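Novice: Sequence:
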Amino acid sequence: MSSQLVKKFMSLLIIIVASSYLWADFKIMTGVDLSKYQVKPKADNIHWQYKFGFLGGIGLGKNITDKMLLELNIIFCQKGTTARQNLGELREVNWKYRLNVVSLPLLLRNKLKEGSSPYLVGGLELSSILSHSEKFSDQEPVDIKENTATFDLALTLGGGYEIQLQEDLFFFIEARYSHGLKNIIISPLPEQIWKTQAFLILIGVRS
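Residues in the sequence shown are numbered from 5 upward in steps of one, following our numbering.
Treat the hints loosely; a few may be bogus.
To be verified - In silico DSSO-like pairs for lysine-lysine, Cα to Cα no more than 27 Å straight-line:
| # | residue 1 | residue 2 |
| --- | --- | --- |
| 1 | Lys-199 | Lys-139 |
| 2 | Lys-40 | Lys-139 |
| 3 | Lys-199 | Lys-46 |
| 4 | Lys-115 | Lys-149 |
| 5 | Lys-186 | Lys-149 |
| 6 | Lys-71 | Lys-139 |
Stated by the list, open to error - Computed spacing ranges between beta-carbons, pair by pair:
| # | residue 1 | residue 2 | range |
| --- | --- | --- | --- |
| 7 | Glu-150 | Asp-70 | 25 to 35 Å |
| 8 | Gln-53 | Phe-155 | 37 to 47 Å |
| 9 | Trp-99 | Asp-70 | 33 to 43 Å |
| 10 | Ala-28 | Leu-91 | 53 to 63 Å |
These aren't lab readings, by the way, just hints derived from the structure by calculation. Please read these numbers as outputs of a predicted model, since none were measured by experiment. In this text, a Cβ means the ideal position worked out from N, Cα and C, and glycines have one as well.
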């Protein structure tokens with residue numbers, strides 16, 4: 005990532021935090037994700053599989069109506085994928101890709117009723133890719149950040165349930181699906197596409 009892009013990204017974070025008093029809602033959350041790459045073209049002997057990771061972050065919200073809220077999250081998330089190639093005669097090789105990102109999902113959250121309630125979320129997620137590495141079998145990881153895009157863009161959909169603990173305090177559990185829209189490979193081979201996808205489970209509190 006260039007120094008200019010880093011400065012722009014950090015300036016955005018500073019503006020968001022500094023203007024947090026304009027937001028009516030604050031949340032803190034943690035959780036896990038299962039992620040893998042959508043890869044094209046596909047090879048019959050290579051199987052792309054999900055990778056487990058951790059995540060954590062904060063959220064800011066602004067009420068639009070009594071039940072609908074505009075929400076902005078700042079989340080650190082460990083994404084990536086694993087791959088297994090069958091070489092025949094009971095031989096196979098494995099890869100593991102680690103993709104660390106800071107994502108800024110901008111979502112609409114709609115509660116179905118007042119108080120404790122299920123809710124739906126949906127929106128767009130812009131991610132800054134911090135690092136990307138490839139590990140082949142038992143070898144040391146190799147940094148492939150220079151071959152990876154600076155930002156990722158994804159569509160996010162999900163839902164959850166929140167339990168009212170006090171008048172302005174809620175515990176929530178939420179599930180999301182993030183579907184990458186952008187090829188994260190720089191200068192890909194002809195027809196080569198790598199896009200991210202992830203399932204996220206989040207728990208936390210909001211006030």
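Novice: Decide, hint by hint, whether the structure agrees.
Specialist: Outcome of the hint check:
1. Note on Lys-199 and Lys-139: the hinted pairing holds, with a Cα-Cα distance of about 19 Å set against a maximum of 27 Å.
2. With a C-alpha separation of about 15 Å, the suggested pair Lys-40 and Lys-139 falls inside the 27 Å cut-off, and the hint holds.
3. In summary, the hint linking Lys-199 to Lys-46 is supported, as the alpha carbons are separated by about 13 Å, within the 27 Å threshold.
4. Among the hinted pairs, Lys-115 with Lys-149 is inconsistent with the structure: their alpha-carbon atoms are about 39 Å apart, more than 27 Å.
5. Between Lys-186 and Lys-149, the direct Cα distance comes to roughly 16 Å. Compliance with the 27 Å bound is thereby established for this hinted pair.
6. Distance check on the hinted pair: Lys-71 and Lys-139 sit about 46 Å apart at the alpha-carbon level, beyond 27 Å; violated.
7. Range check, Glu-150 to Asp-70: about 49 Å between beta-carbon atoms, so the 25 to 35 Å window is missed.
8. Gln-53 and Phe-155 have their C-beta atoms about 25 Å apart, which leaves the hinted 37 to 47 Å range violated.
9. Range check, Trp-99 to Asp-70: Cβ separation about 49 Å, and the 33 to 43 Å hint is violated.
10. In this structure, Ala-28 and Leu-91 meet the distance hint of 53 to 63 Å, their C-beta atoms being roughly 57 Å apart.
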